[in-house]
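Construct all of the structure, not just a fragment, from the sequences and the given hints.
Quick note, the sequence shown lines up with residues 1 to 290 if you use UniProt numbering.
What the hints contain is simulated information worked out from the structure, not anything from laboratory work.
None of these values were measured; they are calculated from a predicted model.
A hint or two may mislead.
[As the list claims (entries may be wrong)] Restraint ranges, calculated between C-beta atoms of paired labels, are given here: (1) Gly-149 - Gln-199: 26 to 36 Å; (2) Arg-17 - Arg-263: 48 to 58 Å; (3) Glu-272 - Asp-155: 25 to 35 Å; (4) Thr-53 - Ala-219: 31 to 41 Å; (5) Gly-16 - Lys-257: 38 to 48 Å; (6) Gln-199 - Ala-36: 27 to 37 Å; (7) Thr-121 - Arg-161: 18 to 28 Å.
For each residue, glycine too, the CB sits at the ideal point set by N, CA and C.
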Amino acid sequence: IHTVVGHHMVGAKVNGRIVPLSYELQNGEIVEILTAKNARPSKGWLEFAKTRTAKSKIRQYFRAQERQEILERGQGLLERYLKRKGLPKPTDSQLEEAAKRLGLTPSPEELYLALALNRFTPKQVAEKIYAKALLKPEKPKPPPKNAWGIRLDQDLEAPIRLASCCEPMKGDSILGFVTRGRGVTVHRADCPNLRRILQGPEADRVIGAYWEGVGGKVATLEVLAQDRAGLLRDVMQVVAEAGKSALGSETRILGPKARIRLRLTVGDGEREALVQALKGVKSVEEVRWV
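Structure representation (structure tokens):
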């Protein structure tokens, strides 16, 4: 059946009677496909799809859905920043020009992807969209001081406190959670409470954080896996839970397999732990530093 029809399929009739989608057709049977406007494919279809083409189309659909989620996350980051600064919504042509100035393919989608993957901050993008004169002048100032020597990836004037649930100590991988009205709470990256936040509707309130004086080197991590829907999302979640932000990423599909490369700032003592954590992701076959 045509892909567009398949994407809206809710059931099927064979010789006038309703059958499950897993039903195996016999020669000579007459098939009627039942559709609904709001219906969408299910991952369970991969279990009984027979042809390589059908399975490929189903996987393509879920890869497109995953990409759309990442695009919306990047778009949301930019729109919230512009709203705080009192700046108007940019046009597509302004977004394309900003992407070009940042060395990206000139398209809004490439700009949103770069934002979602932390390649650029919303402030950097806003400065490329609008003349710097339009942005409210900001006097250079040191990062907010706190008793623990913690710095945040984002420029926030907010008090910082340590989470009582996990009590992070200097040297632990950490992430910050921007609370509503109580500043930034810093958790250990492996904190169960933080993991629940990352899986919930407030995941975009989690930001990068690190200890002053605890540095690392930029390195490239390669993940080889069987391609599947949600693979990139699951890999990025493990990286975030380890307290890391990707400086850049590249994904290539090689037949049934996928290769993901991430550029990260990582200390020597953190490398093996991150490799082992990523090996626990579903369908991952190999993880290595290159």
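Do the hints match the structure? See the list:
1. Gly-149 - Gln-199: 26 to 36 Å: The hint (26 to 36 Å, Cβ to Cβ) holds, given that Gly-149 and Gln-199 are roughly 29 Å apart.
2. Arg-17 - Arg-263: 48 to 58 Å: Once the Cβ atoms are compared, 56 Å apart, the range 48 to 58 Å for Arg-263 and Arg-17 holds.
3. Glu-272 - Asp-155: 25 to 35 Å: Holds, at about 33 Å.
4. Thr-53 - Ala-219: 31 to 41 Å: About 39 Å separates the Cβ atoms of Thr-53 and Ala-219, which means 31 to 41 Å holds.
5. Gly-16 - Lys-257: 38 to 48 Å: holds, 43 Å
6. Gln-199 - Ala-36: 27 to 37 Å: Since Gln-199 and Ala-36 have Cβ atoms about 29 Å apart, the given range 27 to 37 Å holds.
7. Thr-121 - Arg-161: 18 to 28 Å: holds, 23 Å
This entry satisfies every hint, going by the numbered hints stated previously.
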